[in-house]
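Visitor: Listed below are the residues making up each chain.
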Amino acid sequence: MFPPRWFLPYDAMFQLVTGLISLAVAIYALRGYRWIKERTLYALFLAFTLLSAALFINSVTLTYTYLVGFSYARHAHDASGADVGFWIYYIISIIALIILVYAYASRLRDASLVLAAMGLAAQRMVGGSLLGAAPYMEMVVIALLVIIVIAQAAHLTVKRGLYSIAVTWSFLLMLLSHILILLSPVEDVVHVVGRVLELFGFLSLLGVLYLLRRGR
Amino acid sequence: MKGPQKYRSKGRIFADILRAVAEDGPVKVTHVLYKANLSHDRLTKYLQQLEESGLISKEQDGDRTAYLITDKGTRFIAEFRKMEEFADAFGLEI
Chain F
1 MFPPRWFLPY DAMFQLVTGL ISLAVAIYAL RGYRWIKERT LYALFLAFTL
51 LSAALFINSV TLTYTYLVGF SYARHAHDAS GADVGFWIYY IISIIALIIL
101 VYAYASRLRD ASLVLAAMGL AAQRMVGGSL LGAAPYMEMV VIALLVIIVI
151 AQAAHLTVKR GLYSIAVTWS FLLMLLSHIL ILLSPVEDVV HVVGRVLELF
201 GFLSLLGVLY LLRRGR
Chain R
1 MKGPQKYRSK GRIFADILRA VAEDGPVKVT HVLYKANLSH DRLTKYLQQL
51 EESGLISKEQ DGDRTAYLIT DKGTRFIAEF RKMEEFADAF GLEI
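So the protein lines, in turn, are chains F and R.
Residue numbers for the first sequence follow the numbering used here, so the first one is 1 and each next one is one higher.
Residue numbers for the second sequence follow the numbering used here, so the first one is 1 and each next one is one higher.
Simulated from the structure, these hints should not be mistaken for lab results.
Keep in mind that the hints are not guaranteed to be accurate.
[Claimed, not checked] Here are the simulated SDA-like pairs of lysine to any residue, each with C-alpha atoms no more than 20 Å apart in a straight line: (1) R:Lys35 to R:Arg12; (2) F:Lys37 to R:Glu84; (3) R:Lys82 to F:Leu30; (4) F:Lys159 to R:Tyr7; (5) F:Lys37 to R:Glu59; (6) R:Lys10 to R:Asn37; (7) R:Lys82 to F:Leu212; (8) R:Lys35 to R:Thr65; (9) R:Lys72 to F:Lys159; (10) R:Lys58 to R:Lys72; (11) F:Lys37 to R:Ile13; (12) F:Lys37 to R:Glu85; (13) F:Lys159 to R:Asp88; (14) R:Lys82 to F:Leu46; (15) R:Lys82 to R:Ile13; (16) F:Lys37 to R:Lys58.
[Said to hold, decoys possible] Pairwise CB distance ranges (calculated): (17) F:Ile95 to R:Thr30: 44 to 52 Å; (18) F:Ala154 to R:Gln60: 47 to 55 Å; (19) F:Gly161 to R:Asp61: 17 to 25 Å; (20) F:Val158 to R:Ser39: 27 to 35 Å; (21) R:Pro26 to F:Met13: 51 to 59 Å; (22) R:Glu51 to F:Pro135: 52 to 60 Å; (23) F:Ala154 to R:Asn37: 27 to 35 Å; (24) R:Arg64 to F:Leu203: 51 to 59 Å; (25) R:Ala66 to F:Met13: 33 to 41 Å; (26) F:Pro4 to R:Lys10: 46 to 54 Å; (27) R:Tyr34 to F:Lys159: 26 to 34 Å.
[Stated by the list, open to error] Here are some, though not all, of the chain R residues that point toward chain F, as calculated from beta-carbon distances under 8 Å: (28) Tyr7; (29) Gln60; (30) Met83; (31) Phe86; (32) Ala89; (33) Gly91.
Here the structure is a predicted model, which means the values were calculated and not measured.
Idealized CB from N, CA, C, for every residue including glycine.
For reference, chain F alone in the conformation it holds in the complex (with noise of 0.2 Å):
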């Protein structure tokens, strides 16, 4: 669930690039919205401003367990410094993911995994610390990871464009790499391939924007 404590300095630049990104998308919506006033476009500003937040936030507490010498290994149940950065870090992301379903909403006809997911973490995150409750909050990133992702993929079954397949592209490879983050206990390579796999979505994401500022 954690990262291996050498991989710690890249996750935290990993985290920072991919703030940086979520950001520049969070600029490029609200650059449309003050011309615009499309509700829509304001969804996608706050979606991704929180989300930027949410992973410098996350950068930040990765430093910061790398400085102070933490080891998740070894401080299995005693991880409260660490703890307030990470449990900010899933809030933010899962509220940001949130906005984000609401605006895919109409396309959606069952929320109820979310839900379900949700629930379960509530119940199992009641005054417990966040490396019990990690598991949980990774499972309902992925729950709304997966309802996006079918969004996305219902909508390239109407039209299938460079931009749309990119976007697909980008939340597929942040649903994987949240799915390898959940099952990273296994070994810890697999926490590191996860973290690859979401730069590689975010920087999806990055191509699509500088393509459309572009006006290809």
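Starting from the known structure of chain F, fit chain R onto it as the hints suggest.
Guide: This is chain R only, laid out in the frame that chain F set:
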């Protein structure tokens, strides 16, 4: 037989009106009415809002009124097109 009309957001209606005005130069209300597919009352309201926002300008020639697109209006169309593509990439509509 016509199917049910698709919902058009205010931004899209603005873009439709501006395109109609931009494509055919100074145009009369009846021309925009036909192109933008709006009732006279709604169109009058939107034209007033567009004029107040500086997206179109009004030319008066006797009792004939014609509308012209401004630079800001042209920029709005370009931005709308980009944002349409951006939202579409996310499977969303504006």
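Visitor: Hint by hint, which ones does this structure get wrong, listed from lowest number up?
Guide: Numbers 5, 9, 16, 19, 25, 28 and 29, in rising order.
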